[in-house]
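We have chain A already, so just place chain B on it with the hints.
Those protein sequences? They're chains A and B, same order as listed.
Using the working numbering, the letters of the first sequence correspond one by one to residues 42 to 517.
Using the working numbering, the letters of the second sequence correspond one by one to residues 57 to 509.
In case anyone wonders, no lab produced these hints; they're calculated from the structure.
Among the hints, erroneous ones may be present.
Stated by the list, open to error - Straight-line distance between alpha carbons at most 27 Å, and here's what the computed DSS-like set of lysine-lysine pairs gives: (1) B:351 - A:333; (2) B:381 - A:244; (3) A:507 - B:459; (4) A:501 - B:392; (5) A:160 - A:393; (6) B:428 - A:434; (7) A:501 - B:227; (8) A:459 - A:507; (9) B:493 - A:501; (10) B:351 - A:292; (11) A:244 - A:416; (12) A:167 - A:333; (13) A:101 - A:115; (14) A:507 - B:167; (15) B:392 - A:99; (16) A:186 - B:407; (17) B:298 - B:285; (18) A:434 - A:416; (19) B:407 - A:115; (20) B:298 - B:227; (21) B:476 - B:201; (22) B:93 - A:501; (23) B:93 - B:227; (24) B:351 - A:101; (25) A:435 - A:416; (26) A:333 - B:355; (27) B:392 - B:207; (28) A:501 - A:477; (29) A:501 - B:501; (30) B:381 - B:227; (31) A:87 - B:500; (32) A:245 - B:407.
Claimed, not checked - The calculated label-pair distances, taken between Cβ atoms and stated as ranges, are: (33) A:348 - B:376: 26 to 32 Å; (34) A:456 - B:490: 35 to 41 Å; (35) A:435 - B:326: 51 to 57 Å; (36) B:356 - A:213: 37 to 43 Å; (37) B:298 - A:99: 23 to 29 Å; (38) A:481 - B:418: 22 to 28 Å; (39) A:93 - B:388: 21 to 27 Å; (40) A:490 - B:280: 40 to 46 Å.
Just so it is clear, CB atoms sit at the ideal spot from N, CA and C, and this is done for glycine as well.
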Amino acid sequence: MGAAVMLATATITGVAISTPSSVAAAMAFDESEDVLVLKDTNIEIKGTIIEESDSKVKIKGKLHGIAFEREYDKSEVISIRRAAKKADADPVKAAPTPGTEPVKADPKAEAKSESEAGKVKYYHLKLDGQFGVDVTQTPIRRAVKDAQNNNVDIIIVELNCPLHMPGAEHIPEDMIVGAFDQIFRAEHITPIFVEEIPRQWTKKPRVIFWVKEAMGGAALLPFISSDIYMSSEARIGGIGYLTDMLKVGDKVVQHKQYSLRLGHAHGWLISGGHDFRLINAMTVREYVLSYKPTGDGPIYFERQPDPLQGEILLTDDGLEGNFDSTQERVRGEGNDVLTVTAKLGKELRISKGTADTMNDLLFQLGIDRTGLQVKGRADSIMTGWSREVSDAKKRLRNLVNEYATATVRPPGGYDERKALRGAQISRLEQMKSIIKQYEEALDQFWMYQYGIPPEVNIQKAIDTLKMDQMQDKPDR
Amino acid sequence: MKSLLKMIGASALTLGIALAAVGIAPHAQAIDKLTLKDGRSVEGEIIREQDGVIWLKTAGGTIMYTPSEYTKLERSVDAASDANPDTKTADGSKVDAPASVPASDAGKTRKPGVPRAAVITYGDEENGNMVGIYATAAGFREAIKYLEEEKIDIAVIRFKSGGGLALEVQKFSDLFHLEYKPKFRTVAWIDSAISAAAMSAHAIEEIYFTPQGNYGACTGFSGALNAMKGRSLEQILYDMEKISARGGYSPYIMRAMQISSEEAECAPLGIAPPTGALSADIDEDTGKVTWYPDKTSGKYVLNPSGGVHILTFNSETASKFKFSKGTASNIDELTKAMGLTEVEWVGKQDKRFTWPVCKAEEYMLRFRVQTKQDETHFRRYYANFVEALGRAQAQQDPAERGKFLGKAREALGMIENMVKNNSNFILLNWGEESEYKEWLEEMKKIIKDLARR
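The following block holds chain A by itself, in its conformation from the complex:
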């Protein structure tokens, strides 16, 4: 495995998700009482609503055994959660235990919240291209804002990001080590779904990830949701061989680095309601994971399977005879590290269904008849961003070239020198501005490759040019 090795800093962060629909479903099942959530503090008042008008709501209940009855102005209330009917309530089944328990909620039922027009408004956000360049936080945030402006019920995030490792374009993807660190790039995107939507939307949309290809850093993105669907040829993976990533230093420090990385990745799966051990299977070659399919979802075992018990091997220890052969790796059939395919995803209850077309997906979501696609600007936002980034890169290269080749015009006097400095400062300012605007899509490898200096160095060059100008004097 003579592959590219990328070592990132340990300054990394994660974010959580409470998938709105699943949380809402869980809450609905959990509540045997009506609940008023008050503004500002989000304090919940539980009890039975006894009167309600357009502007007021009266609730009675018991608090610490003490009865109360109180009327609230609806302007004080953020939301009202109605008690679930007993027939619907099955707390054991309804409260999914993150990880081991499959999500029980019926997707068709979840999608039944119709908009005012009697339709379920959905927004199609297609994330297609190079992760961290085309697929990055600024355009996604813009698109989600557009979805919010359209007051949609569902955001369908179609994810199609093949593995791309800057500097390792010619290495077969199964040989790439170190793509795991791309998840830190993804951590700039996840807050949009995990923190910003819950905070900024009055009526939180259901966010569905429809995966075509989620490799490298994109692999962990769908896991922030419990609503994952996959196309029949979809893959989630490409972050394997974490423990082969570091070759320098002491083993104990290498393991520290692996441990903190896994700690971050675990959080994504936990917040999406998935079993965090899957991430070890996807990343650590030595990790052995088996599972047993049951009606309630898979049960995982961190050991070799017992076939007599119906257990199935997911990943072996990848050592010696268990090391995947070239043939297996080429065909994507290895089991040193886990790549989630559509079939496996369904079996492991990671994916709720397989859909190759939007119509398939809408059918599976139960909104093939009631769904109304909002004609948002997602496509133009995403393609526009890719075009902008491409133009920005071209412009940066040109500016660097112009800066490097600029010379004082004849006759080379004070005025010409001054004019050159002015032009150079202008070029540098433009470079700074472009870098600032598109920094998130400009990876260090590309910057280095084209000799684009960091912003601080550009500012230093400007400072020096200004001092040069101070020192220069008109010719006598």
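Same frame as chain A, now just chain B:
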């Protein structure tokens, strides 16, 4: 200038509602009585007392009272004759259900019995999170005055840091243990606490995680992943044992975060056994967790785990093994997890955060913004200073020289301001404070001499 130092990787009290504030203690046995400033009395059991701050356990929950809120404390008085848990207050009025308490400014009168809580962040994604640079004990000490100004009772420290300088750990531990905890109910809310960040939080007993939270990976290293070894490692292992005791955690937990579970990987470290192996049992009846410094004694093996040999908790493992007291993704969930039925989260609403921004947090944000600017540009400040000085020296004309000396002064001023905002820059770039001061005086003298020439 010296370079970077060792790196360390990059049941809560149930505070009561208004009900509890009015003296309903139907089942209390040992009754203590507080007379509040507004004349009402509150009965319950004092479960904690520090510097005049009283935590009173009542039927409605535990409430904290600061000395400014009560006039009289009577210990072990007779139980109230009317122990009927009805809805009457001491003055006979009907008790309302818990009410919404909007965040208020510091100057406003606090609601009796309602604790005031604030969130302060320990690092952030946008500006920086390195311990010792973006999260400093000095900065958090400075924050105390803002917390006191806003009469904060509960300080929630939201950790989001990938680690940093080892030498800041003890400072933080001392600060949290000796200065924060006596003044505030101090809570750590872990979004990410890796390495030095986890070690800094470890003196805090009350830890909550976000669902995506992580905590651990505390192996000390420098340079190209070279582990801390020998005496210095023994020292920090010992220090962390003491800090574990402060936080009420088994020392084996932190050891598993610091050193490998494998003997072969510990051998080069030159320290005494045991390794960082860790296992645990959970008592099925009581839920009590018993820790073992090996891989075999406990039913659950936490280190090694999942193919790695250093422990990092996630929210599930932290909760399962009772390291965390709960998991909360937002301020409302945290309020619930902390057992607060009524609380005033102090600060201004800010769309960037799920919590209000209090004055201490405003200070923290300003501090990090400035630190980021300075950390990014320090070399430029310094280069500009040297360059301007050089150009000034080359000028024969005093007026021309003066222009460049002005530039040199400007650059030096930026360095001075950088240090004023964050004194740890001294440590990172000059070593000792005396060295910095000496350097600064020397540079100023050079400028002065050149100006006189």
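Status of each hint after checking the structure:
For a cut-off of 27 Å, the pair hint linking residue 351 (chain B) to residue 333 (chain A) stands: about 26 Å separates their Cα positions. Proximity of residue 381 (chain B) to residue 244 (chain A) is assessed by CA-CA distance (about 30 Å); at most 27 Å being required, the pair is judged violated. The suggested pairing of residue 507 (chain A) with residue 459 (chain B) holds, with an alpha-carbon distance near 12 Å, which does not exceed 27 Å. Between the alpha carbons of residue 501 (chain A) and residue 392 (chain B) the distance comes to roughly 51 Å, so the proposed pair goes past 27 Å and is violated.
Proximity of residue 160 (chain A) to residue 393 (chain A) is assessed by CA-CA distance (about 23 Å); at most 27 Å being required, the pair is judged to hold. Our distance criterion of 27 Å between C-alpha atoms is met by residue 428 (chain B) and residue 434 (chain A), whose separation comes to about 26 Å. Straight-line distance between C-alpha atoms of residue 501 (chain A) and residue 227 (chain B) comes to about 35 Å, which puts the hinted pair past the 27 Å bound. Between residue 459 (chain A) and residue 507 (chain A), the direct Cα distance comes to roughly 10 Å. Compliance with the 27 Å bound is thereby established for this hinted pair.
Distance check on the hinted pair: residue 493 (chain B) and residue 501 (chain A) sit about 26 Å apart at the alpha-carbon level, within 27 Å; holds. A C-alpha spacing of about 19 Å is found between residue 351 (chain B) and residue 292 (chain A), which places the hinted pair at or below 27 Å, so the restraint holds. The suggested pairing of residue 244 (chain A) with residue 416 (chain A) holds, with an alpha-carbon distance near 19 Å, which does not exceed 27 Å. Among the hinted pairs, residue 167 (chain A) with residue 333 (chain A) is inconsistent with the structure: their alpha-carbon atoms are about 35 Å apart, more than 27 Å.
Between residue 101 (chain A) and residue 115 (chain A) the CA atoms are separated by roughly 15 Å; this keeps the pair inside 27 Å, and the hint holds. A threshold of 27 Å between alpha carbons decides the hint, and for residue 507 (chain A) with residue 167 (chain B) the separation of about 58 Å lies outside it, so the pair is violated. Taken as a hint, the residue 392 (chain B) and residue 99 (chain A) pair is honoured in the structure, with Cα atoms around 23 Å apart against an allowance of 27 Å. At most 27 Å may separate the alpha-carbon atoms for a hinted pair to count; residue 186 (chain A) and residue 407 (chain B) meet this at roughly 14 Å.
For the suggested pair residue 298 (chain B) and residue 285 (chain B), the alpha carbons sit about 19 Å apart, so the restraint of at most 27 Å is met. With a CA separation close to 30 Å, the supplied pair residue 434 (chain A) and residue 416 (chain A) exceeds the 27 Å bound. Between residue 407 (chain B) and residue 115 (chain A) the CA atoms are separated by roughly 23 Å; this keeps the pair inside 27 Å, and the hint holds. The suggested pairing of residue 298 (chain B) with residue 227 (chain B) holds, with an alpha-carbon distance near 13 Å, which does not exceed 27 Å.
The hinted pair formed by residue 476 (chain B) and residue 201 (chain B) meets the criterion: a straight-line CA distance of about 18 Å does not exceed 27 Å. Between residue 93 (chain B) and residue 501 (chain A) the CA atoms are separated by roughly 61 Å; this puts the pair beyond 27 Å, and the hint is violated. With a C-alpha separation of about 38 Å, the suggested pairing of residue 93 (chain B) with residue 227 (chain B) is violated against the 27 Å cut-off. For the hint pairing residue 351 (chain B) with residue 101 (chain A), the CA-to-CA distance comes to about 53 Å; that exceeds 27 Å, so the pair is violated.
Between residue 435 (chain A) and residue 416 (chain A), the direct Cα distance comes to roughly 32 Å. Violation of the 27 Å bound is thereby established for this hinted pair. Straight-line distance between C-alpha atoms of residue 333 (chain A) and residue 355 (chain B) comes to about 21 Å, which keeps the hinted pair within the 27 Å bound. Distance hint between residue 392 (chain B) and residue 207 (chain B) is fulfilled; the C-alpha atoms sit about 22 Å from each other, no more than 27 Å. As the CA atoms of residue 501 (chain A) and residue 477 (chain A) are separated by approximately 16 Å, the hinted pair is consistent with the 27 Å bound.
Of the supplied pair hints, the one linking residue 501 (chain A) and residue 501 (chain B) holds, its CA atoms being roughly 25 Å apart against a limit of 27 Å. For the hint pairing residue 381 (chain B) with residue 227 (chain B), the CA-to-CA distance comes to about 25 Å; that is within 27 Å, so the pair holds. Restraint check for residue 87 (chain A) and residue 500 (chain B): not satisfied, since their Cα atoms lie roughly 67 Å apart, outside the 27 Å limit. A threshold of 27 Å between alpha carbons decides the hint, and for residue 245 (chain A) with residue 407 (chain B) the separation of about 16 Å falls inside it, so the pair holds.
The supplied range of 26 to 32 Å is met by residue 348 (chain A) and residue 376 (chain B), whose beta-carbon atoms lie about 30 Å from each other. Checked against the given bound of 35 to 41 Å, the beta carbons of residue 456 (chain A) and residue 490 (chain B), roughly 51 Å apart, lie outside it. At about 55 Å, the CB distance of residue 435 (chain A) to residue 326 (chain B) agrees with the hint of 51 to 57 Å. A C-beta distance of roughly 39 Å is found between residue 356 (chain B) and residue 213 (chain A), which places it inside the suggested range of 37 to 43 Å.
Evaluation of the 23 to 29 Å hint for residue 298 (chain B) and residue 99 (chain A) yields a failure: the beta carbon distance comes to about 56 Å. Residue 481 (chain A) and residue 418 (chain B) have their C-beta atoms about 26 Å apart, which keeps the hinted 22 to 28 Å range intact. As the Cβ distance of residue 93 (chain A) to residue 388 (chain B) is approximately 23 Å, the hint placing it in 21 to 27 Å holds. The supplied range of 40 to 46 Å is broken by residue 490 (chain A) and residue 280 (chain B), whose beta-carbon atoms lie about 24 Å from each other.
In terms of the numbered hints stated before, the structure departs from hints 2, 4, 7, 12, 14, 18, 22, 23, 24, 25, 31, 34, 37 and 40, listed from lowest to highest.
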